[in-house]
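**Student:** Sequence:
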Amino acid sequence: MVIERFPEKVWLSSPTMHGDEKKYMLEAYETNWMSTVGENINELERLLSGYIGIEHGVALSSGTAALHLAVKLAAERLYGSSSGVSTPDGLGRGGSLYGRRVFCSDMTFDATVNPVVYEGGEPVFIDTEYDTWNMSPEALEQAFVLYPDVKLVIMAHLYGTPGKIEEIRAVCDAHKALLIEDAAESLGATYRGRQTGVFGDYSIISFNGNKIITGSSGGMLLCHSQEDADKARKWSTQSREAAPWYQHEELGYNYRMSNVIAGVVRGQFGYLSEHIGQKKRIYERYREGFKDLPVEMNPFDASASRPNFWLSCLLIDRDAMCESVRSENRFFYKSESGKSCPDEILEALGNLNAEGRPIWKPMHMQPVYRSHGFVTAGGNGRAKTNAYIERTEVPDVGADIFRRGLCLPSDNKMTQKQQDVIIEIVRGCFE
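Per the numbering used here, residue 4 is the first one in the sequence shown, and the count goes up by one each step.
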């Protein structure tokens with residue numbers, strides 16, 4: 004069967020606009036509230052925090068900005084103000100986490116981790132679990148054995164599927180550690196009936212262009228106290244003091260969301276449930292279409308969680324993987340009958356004019372973070388103490404999922420006919 008290339012690209016996940024966004028953007032324009040104050044910002048903070056069930060929301064320029072301020076708030080709460088902290092040679096500020104380790108999800112986008120380094124901290128990566136593709140509670144417990152002094156954990160919910168957040172919260176509580184919940188990809192997903200974003204001491208949401216709802220950019224910090232929310236708002240507007248002139252007594256940032264972007268997200272908010280329903284149907288059609296192939300979809304525990312199905316992903320069985328190898332920026336594979344690999348499937352989708360993606364490459368495999376500690380559920384991996392200890396008794400789960408997995412086109416504007424063609428292309432890779 005000859006399958007023709009799509010005349011228009013089928014995206015991984017692109018913005019889906021409805022028209023209400025224009026109403027609130029126009030309101031910002033007509034009232035001349037175009038900068039970082041206005042009704043759209045106020046209403047969005049009220050809507051999102053109320054929806055998630057947390058006391059306070061602070062609208063910011065990106066999910067990364069929200070993570071950075073969450074890290075600063077957590078560090079100040081744990082270790083006091085960073086004012087005056089310097090590196091040992093006295094050449095510059097060390098940051099609020101200078102000299103401190105922080106446990107971070109390993110299989111995630113680097114935005115989850117980078118704010119730790121912005122603040123001078125040292126990420127230690129916690130391996131993934133097969134059940135949810137998220138941070139392993141068992142590996143986290145093992146990490147506290149290796150590094151009992153750690154007091155901050157950053158955990159991300161991958162691809163819209165909640166991790167075992169109650170179990171992770173319990174491990175953090177047992178070791179008196181704070182938890183930052185990166186719910187950038189999981190808005191609308193629930194764990195045991197509660198929204199992701201409510202479990203952390205601090206949490207964040209992203210409204211980047213490819214997320215479940217979008218503002219083209221933007222993010223939100225979620226916290227439990229008015230004091231923290233006020234502090235984050237101050238930091239996000241260059242830490243201006245209440246003075247007749249521009250007075251600055253601590254470091255600030257240009258992180259506040261604009262009233263225009265807030266209008267876009269405000270217009271999108273009413274369609275969140277609709278978008279989740281569309282994404283779920285895409286996931287279920289893929290699952291049905293691949294049911295007799297040697298693959299499985301990204302998993303979730305239906306008894307405990309309800310994903311938002313942001314991205315539909317595929318994991319190829321080990322014995323159905325063809326020979327393949329990846330360098331830092333290239334890949335090679337050998338086609339084999341009855342077998343395939345992520346790069347072969349992604350190449351076939353690209354030839355069809357459809358966008359897929361590899362699974363997030365784990366942080367401990369990234370050149371920028373290779374020297375950092377890494378802990379698996381078996382307590383092995385790469386433990387950075389006084390020296391590097393290499394142990395390989397248990398395979399790295401995240402590395403295995405990266406090798407065998409891929410993200411499928413999951414755009415909620417994709418037609419069923421287009422998805423049927425994509426399913427046939429994937430099936431053809433195994434023939």
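Derived from the structure by calculation, the hints contain no laboratory data. Treat each hint with caution, since some may be false.
[As the list claims (entries may be wrong)] Derived CB-CB ranges, DEER-like:
id, residue 1, residue 2, range
1, Gly381, Gly273, 42 to 48 angstroms
2, Asp295, Arg8, 36 to 42 angstroms
3, Glu287, Tyr121, 36 to 42 angstroms
4, Gly341, Asn213, 57 to 63 angstroms
[Claimed, not checked] Taking lysine to any residue and the SDA-like style, the derived pairs with C-alpha atoms no more than 25 angstroms apart in a straight line are:
id, residue 1, residue 2
5, Lys294, Lys420
6, Lys12, Asp346
7, Lys234, Asn213
8, Lys12, Gly280
9, Lys420, Lys234
Even for Gly, the Cβ is constructed at its ideal location relative to N, Cα and C.
**Student:** Taking the hints in turn, state whether each one holds.
**Tutor:** Hint check results:
no.	hint	in the structure
1	Gly381 with Gly273: 42 to 48 angstroms	holds, 46 angstroms
2	Asp295 with Arg8: 36 to 42 angstroms	violated, 26 angstroms
3	Glu287 with Tyr121: 36 to 42 angstroms	holds, 40 angstroms
4	Gly341 with Asn213: 57 to 63 angstroms	violated, 34 angstroms
5	Lys294 with Lys420	holds, 18 angstroms
6	Lys12 with Asp346	holds, 19 angstroms
7	Lys234 with Asn213	violated, 29 angstroms
8	Lys12 with Gly280	holds, 22 angstroms
9	Lys420 with Lys234	violated, 50 angstroms
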